[in-house]
Every structure is written in structure tokens, then in C-alpha cells.
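There are 2 protein chains.
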Amino acid sequence: MDNKRYIGVDLGGTNIKCGVVTKEGEILYQKSIPTKADRPADEVIADMVLVIRSVIKDSGTDMSDVVSIGVGSPGAIDSEKGEVIKAGNLSWKYVKLKKKLEDALEKPAYVANDANVAALAEALFGAGKGKKSTLLMTLGTGLGAGYVLDGKIQSGAHGVGAELGHMIIVPEGKECTCGNKGCFERYTSASALIAWGVETMENDPNSSIAKRAGSDKENVTAKLMIDLAKEGDEVALKIFDDYTRYLAYGIVNLINIIDPEVIILGGGVSRAGDFLLDSIKPKVASRVFCKEAPYSEILISKMGNDAGVVGAAMLS
Amino acid sequence: MDNKRYIGVDLGGTNIKCGVVTKEGEILYQKSIPTKADRPADEVIADMVLVIRSVIKDSGTDMSDVVSIGVGSPGAIDSEKGEVIKAGNLSWKYVKLKKKLEDALEKPAYVANDANVAALAEALFGAGKGKKSTLLMTLGTGLGAGYVLDGKIQSGAHGVGAELGHMIIVPEGKECTCGNKGCFERYTSASALIAWGVETMENDPNSSIAKRAGSDKENVTAKLMIDLAKEGDEVALKIFDDYTRYLAYGIVNLINIIDPEVIILGGGVSRAGDFLLDSIKPKVASRVFCKEAPYSEILISKMGNDAGVVGAAMLS
Numbered sequence: 001m002d003n004k005r006y007i008g009v010d011l012g013g014t015n016i017k018c019g020v021v022t023k024e025g026e027i028l029y030q031k032s033i034p035t036k037a038d039r040p041a042d043e044v045i046a047d048m049v050l051v052i053r054s055v056i057k058d059s060g061t062d063m064s065d066v067v068s069i070g071v072g073s074p075g076a077i078d079s080e081k082g083e084v085i086k087a088g089n090l091s092w093k094y095v096k097l098k099k100k101l102e103d104a105l106e107k108p109a110y111v112a113n114d115a116n117v118a119a120l121a122e123a124l125f126g127a128g129k130g131k132k133s134t135l136l137m138t139l140g141t142g143l144g145a146g147y148v149l150d151g152k153i154q155s156g157a158h159g160v161g162a163e164l165g166h167m168i169i170v171p172e173g174k175e176c177t178c179g180n181k182g183c184f185e186r187y188t189s190a191s192a193l194i195a196w197g198v199e200t201m202e203n204d205p206n207s208s209i210a211k212r213a214g215s216d217k218e219n220v221t222a223k224l225m226i227d228l229a230k231e232g233d234e235v236a237l238k239i240f241d242d243y244t245r246y247l248a249y250g251i252v253n254l255i256n257i258i259d260p261e262v263i264i265l266g267g268g269v270s271r272a273g274d275f276l277l278d279s280i281k282p283k284v285a286s287r288v289f290c291k292e293a294p295y296s297e298i299l300i301s302k303m304g305n306d307a308g309v310v311g312a313a314m315l316s
Numbered sequence: 001m002d003n004k005r006y007i008g009v010d011l012g013g014t015n016i017k018c019g020v021v022t023k024e025g026e027i028l029y030q031k032s033i034p035t036k037a038d039r040p041a042d043e044v045i046a047d048m049v050l051v052i053r054s055v056i057k058d059s060g061t062d063m064s065d066v067v068s069i070g071v072g073s074p075g076a077i078d079s080e081k082g083e084v085i086k087a088g089n090l091s092w093k094y095v096k097l098k099k100k101l102e103d104a105l106e107k108p109a110y111v112a113n114d115a116n117v118a119a120l121a122e123a124l125f126g127a128g129k130g131k132k133s134t135l136l137m138t139l140g141t142g143l144g145a146g147y148v149l150d151g152k153i154q155s156g157a158h159g160v161g162a163e164l165g166h167m168i169i170v171p172e173g174k175e176c177t178c179g180n181k182g183c184f185e186r187y188t189s190a191s192a193l194i195a196w197g198v199e200t201m202e203n204d205p206n207s208s209i210a211k212r213a214g215s216d217k218e219n220v221t222a223k224l225m226i227d228l229a230k231e232g233d234e235v236a237l238k239i240f241d242d243y244t245r246y247l248a249y250g251i252v253n254l255i256n257i258i259d260p261e262v263i264i265l266g267g268g269v270s271r272a273g274d275f276l277l278d279s280i281k282p283k284v285a286s287r288v289f290c291k292e293a294p295y296s297e298i299l300i301s302k303m304g305n306d307a308g309v310v311g312a313a314m315l316s
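Protein chains in written order, with this note's numbering: chain A, 1 to 316; chain B, 1 to 316.
One chain only, chain A, in its complex shape:
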């Protein structure tokens, strides 16, 4: 068996997860520590170095077998320089993460956007395994995305590619946290689905959403909205239908622009599985430009919470 080991770090706003990974994408050992994101970047990075050393030691890995360290970070990343340009949750700006890790650990280090990293894991070991090109879209708090072509993350000429969540889908539409209007994630993230539910509940206190949520906003989750739609509740079905129509607009655009072999849906909403796919697919089919040729297959993500660590470990 191959003794080579790859360290993957999933840097989140809440936790830093760190794992020792094999070439085949298996996590042999992993550990999680709190990020305490409000600290200066150097303190967070010092803890990151400690947890990396600790997983290497505790897993009994020989330092000489460690090939590289990869980090998936939120925000806009310059992967070539290994620099975190900005990362909202962490309030980092222009942090030279690659250099700091290489100085501390004397191993090659790589940094990429967390959604890109998850897409890499999905492309190599998940629903995109064996496919030429994989586009992953995670429908969570925001909409993260990554595009992997021939096993390589495509993050564009300036490292800002695959920010699909900020594709303008409605001219001068809903205001987005990014400062722009009408961004895709305002209509298609889990938060968007929840926002529609909350709006409906507030407008109609007798709606089934209000009943099931006990009229408490906090109880309106993506899961509740999907459950109600699955049960055939008309109001929830209408919202879900609108939600998947906006998703279809974006998916059609990605098919027409990039034409990946597979488009994979991940994140909280993707747990709706076939119910989600059955609602999206006909909407895509009727809108895609070239109906004469096969187009991107739409699938549900297979990698769970390990995608961040595994994908980061595979950076090179």
C-alpha cells in the first residue's frame, strides 16, 4: 500500500477540520477545532498549524510521508499565490496563507475556495467520478460552486471563477449581500427558500407553513418547506415550484455557457433528492438551447461532510 499522505484542511467560519487522507480519498484520521473567527488571521493560522501537526502525530503518520497540505477556505482566493483575497466570515483580507503554512511546516501548501475544493472531491470520488467535467452547486446558506475539468479546478484567470451564486438572474432584482441585485443565490440558496416561506407565513397566518412552524420564523427551515411540498401542500408546492424554476434558469445558463458533463447539486436542499430533481429536470429540458444533443446530467451530491477535507487534501 501507498504510504503517501495528504493533509486536508476545511477552514470554516465555525470550525477548522483537518484530516490525513490517502491518494484514494480515504480519511484515515481527522480532528476539528473551533475557528474563533473573530481573532486576527495569524492566530487562526497558528492554531491551524497546531492541528495539522497534531493529526499527523496522532495518526502515527511519518512526516516524510506527508506530500502536501491543502486548505479549502471561504471567500475569494488567489490559488496561484495561495492568498485569501477576502473571506467574509473570517474578515480576512489578502492573507498569504500558502506562504505561512509552508514556512511553518516545510511542505508544499495549496489554497483554494471551499466550494471549489468540495467540487474537486465530488469530481474525483463522488457523483462526478469518471466524468470529464463536473460542476458542483451547493444549495446552502449561500450558493457555493466549483467547476472541475479533467481533474483540475477551473477558478479562472484571476481566481474569481465559478462564483455562480452571483450570476445575475433577475436584472435589478432582490438585493444581495454582495452589493449587487438579482444574484442567483438570492433565489436558489436554502436561505432563499426559507425567506419565501417566512414571507408567506407573515402574509398568511393561517397557512400550513405558519401552523407547522408555530408562527415562529426560526422554525421555517428548508426541510420544512420541502416536507410540506412533498405532502402536497399547495402553498409550499407553489414556492418550491418557483424555487426550482429559478434554479432551472441558472442550470440552463451553465449548460449553455460551460456545458459540463454533469451538474451536481449539494448542500441542505439537495437532501430533497429525487423530489428536487423531478421538479428541476423538465424545467431545464424545455429551456436548454440545444435540444438535439445530449446535455449535462443533473445529479445529487454523493460526498457528505467529508468533501471539504478530502477535496482540500487533493489540491496540488
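Note that these hints are calculated values from the structure, not bench results.
Simulated crosslink set (DSSO-like; lysine-lysine; CA at most 27 angstroms straight-line):
(1) A:LYS99 - B:LYS132
(2) B:LYS4 - B:LYS302
(3) A:LYS152 - B:LYS81
(4) A:LYS86 - B:LYS132
(5) A:LYS57 - A:LYS23
(6) B:LYS100 - B:LYS4
(7) A:LYS281 - B:LYS93
(8) B:LYS57 - B:LYS4
Chain B: place on chain A using the hints.
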């Protein structure tokens, strides 16, 4: 000097242009014949073979120096199979162009979408020369586009990539010839600019557009609209401002999704040059997701009418 020659064919709805091209993208000799597009595909292809033989002979090129034949064709192309899946103007369906040319000429033949081919020419010898990635958008009757990364056309997993003209930019917006609604080219092609002009003229017979066009629809051209805007005519300026706002939505999406090193504007409207760029650039700057990093440079195309022949010749 290198004796190797590359045959480039620009297959259009009106004419078939064919040229003998050097590795450096220089056209040594070229000829154009009418397509007579209403004939069966095999007759058009037979004429294409004749004109290829004729440019080789008339230019004094030795058949043994001819490396390959490339064709830029309108429509959806399966470049791997060398098949024209559909080509609106030509009413071709599933035409095995590569095979037919190879059988007739005993040279390797390649087929790609005409906009992709133009993007290749622009990337290799035009405004994208020396850049890692080039996205060309031609603002003409429709909106054609091609994306070239590391010198290679990116046409996606099923050959339908870079159909940017059919990115949905306005949900359930203007009807498009493709059967979908709200497509980018309905708002940003030269035809879209003209349609706005005609609409305005019909609503306001005293508008300067009506005056300059002699109230004749046929006289409302993209050039007239741009000229009037340049002269400071308020109505034309407003239309032009709307037009470039929609263009900016699409350009922002392409930056956020693909992040090419350069985005090049070609086609009729691009002749407006700096006047066009000056109107687009601030609209893009205020909407692009990652304002902290440099993003795609927006440029005007440098290749003229030769892009089709030169780009086709460079297919491999």
C-alpha cells in the same frame, strides 16, 4: 520558412470563404463562392471540396504541404465527431462534415462552431494574443461566442458550450428564436439595438431616429443608433445605455462564472469602439462580485473578416 499550410473554410449562410493559411495566421490566398444554402448538404459540401482544391492549386501550394482542413460552421457542432448537429441558416441536421471532407480530400479535417473558430483566431493572433484565456462575443445579427483556454476551444462536454447568446438574462422575458424567453441575444445583439430603435421610431414619429431614418425601418441600423448616441441625442443615448446595461449583466455573469483573462467584443456593434467600452466598463465595475481583485479586461476585437478563415485553419 515553414512550408506547412493550413486550409481554413468559413462556411456561412451566404458565402463559403476558403483560404490557404500559414502557421503564423497569415492568409496567403483566398477565394469565396456562394453557399446557395437552400440546396441539399451534399451539394454544398461538393462545392466546398471544389473550392478547397481550387485555392490549393491556384496558390501554387503543394498538396503534400497541406496539413489539415478546418471548417467553421454556424450552428451546434459536435467537434469530436466532426458533425454539424443543426445549423439554422443551412437547415442542416446531423451532417458528417468531417468524414465527408476526409473521404474527398484525404487530409485530416476538423469542424467547429463559427463563433468558436473566430474566438480561436482572436485568441491566437488578435486581441487575446499572449493571454491565457479569451472569451469572444460577437454582437451581430445574433450573439455568437467562443471561449479559448490555453489555446484550445472550450466547447463543453457535449459540444454545446459557449452558447452565451442563449443565457437567460430576463426570466420569462422577450421571446427568442430558439423557443426560450429572455435570452441574452434578444437584448444585446445588433438586432436587439435595432429593434429598440424601430420600436422608438414607431412610438414617436418625431424622434430623431425617425427623422434620420426617413421613418423607414430598413434605415434603422446599429450604426445609426450608435451615431445618434455619439451625437448626444437623448433618446438614442437612453437606448444605448439600456443596451450596454444588459451587456454588462451578461459580462458580469461571465466574469463571475468563467473569469477569462480577456473578454473581447466583436461584430457590428463593436465598431463603436471606445464609445461602447466607456459605456460598459463602469456598469460592469459596479456589479462584478470580487471588486478586490483584478478581473477580465474588456477589449474590442482586432481580427476583421478574416477571423473565420484563420481560426478554422488553426483547428486541430
